[in-house]
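Visitor: Sequence:
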Amino acid sequence: MSERRIDTGIWDKLTTAVKLLFIVASLLAVAVWYLPVIKQNERMRSEILRLQQNVATEEETARQIKVQIEALRNDPETVERYAREKLGLARAGETVIRFEQPDSNAP
Numbered sequence: 004m005s006e007r008r009i010d011t012g013i014w015d016k017l018t019t020a021v022k023l024l025f026i027v028a029s030l031l032a033v034a035v036w037y038l039p040v041i042k043q044n045e046r047m048r049s050e051i052l053r054l055q056q057n058v059a060t061e062e063e064t065a066r067q068i069k070v071q072i073e074a075l076r077n078d079p080e081t082v083e084r085y086a087r088e089k090l091g092l093a094r095a096g097e098t099v100i101r102f103e104q105p106d107s108n109a110p
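FYI, the numbering for the sequence shown is 4 to 110, going by the working numbering.
The set of hints was computed from the structure by calculation and includes no laboratory data.
It is possible that some hints are incorrect.
To be verified - Here are the in silico distance ranges between beta carbons for each label pair:
id	residue 1	residue 2	range
1	106	69	32 to 42 Å
2	68	31	52 to 62 Å
3	106	54	36 to 46 Å
4	73	94	48 to 58 Å
5	85	43	46 to 56 Å
6	95	57	20 to 30 Å
7	71	92	39 to 49 Å
8	35	14	39 to 49 Å
9	17	43	35 to 45 Å
10	94	46	53 to 63 Å
11	56	32	49 to 59 Å
12	58	37	54 to 64 Å
13	39	60	29 to 39 Å
The model shown is predicted, which means the values in this text are computed figures rather than measured ones.
Every residue gets a Cβ at the ideal spot worked out from N, C-alpha and C, and that includes glycine.
Can you make the complete structure from the sequences, with help from the hints?
Guide: Encoded structure:
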């Protein structure tokens, strides 16, 4: 029996090309599908960082306020200073002299 050799060169090349195009198209489809998810993930990470910075700032502010509250509760000098500066109070017999800030628009 003689073997017949069929030239499948063109078909092999076409099959390889189709397989390659299918792989490229699949990779492209996956990339297009996940690109919005990746961008959303980046946005969310930057939002998390921003919020963490805000939390740190607010925690520092809360700590400072707690220190001020403790000083007002326990330190009579702090209470007196607060009464003088914020409420404009003075002890009996004291003379209060107030200095006004110069107007920044004045020549």
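Visitor: Does each hint hold? Answer for all of them.
Guide: Against the structure, the hints:
no.: 1; hint: 106 / 69: 32 to 42 Å; result: holds (37 Å)
no.: 2; hint: 68 / 31: 52 to 62 Å; result: holds (56 Å)
no.: 3; hint: 106 / 54: 36 to 46 Å; result: holds (41 Å)
no.: 4; hint: 73 / 94: 48 to 58 Å; result: violated (24 Å)
no.: 5; hint: 85 / 43: 46 to 56 Å; result: holds (49 Å)
no.: 6; hint: 95 / 57: 20 to 30 Å; result: violated (47 Å)
no.: 7; hint: 71 / 92: 39 to 49 Å; result: violated (18 Å)
no.: 8; hint: 35 / 14: 39 to 49 Å; result: violated (31 Å)
no.: 9; hint: 17 / 43: 35 to 45 Å; result: holds (40 Å)
no.: 10; hint: 94 / 46: 53 to 63 Å; result: holds (59 Å)
no.: 11; hint: 56 / 32: 49 to 59 Å; result: violated (38 Å)
no.: 12; hint: 58 / 37: 54 to 64 Å; result: violated (30 Å)
no.: 13; hint: 39 / 60: 29 to 39 Å; result: holds (32 Å)
Hints 4, 6, 7, 8, 11, 12 from the list above are not met by this structure, while the remaining hints are.
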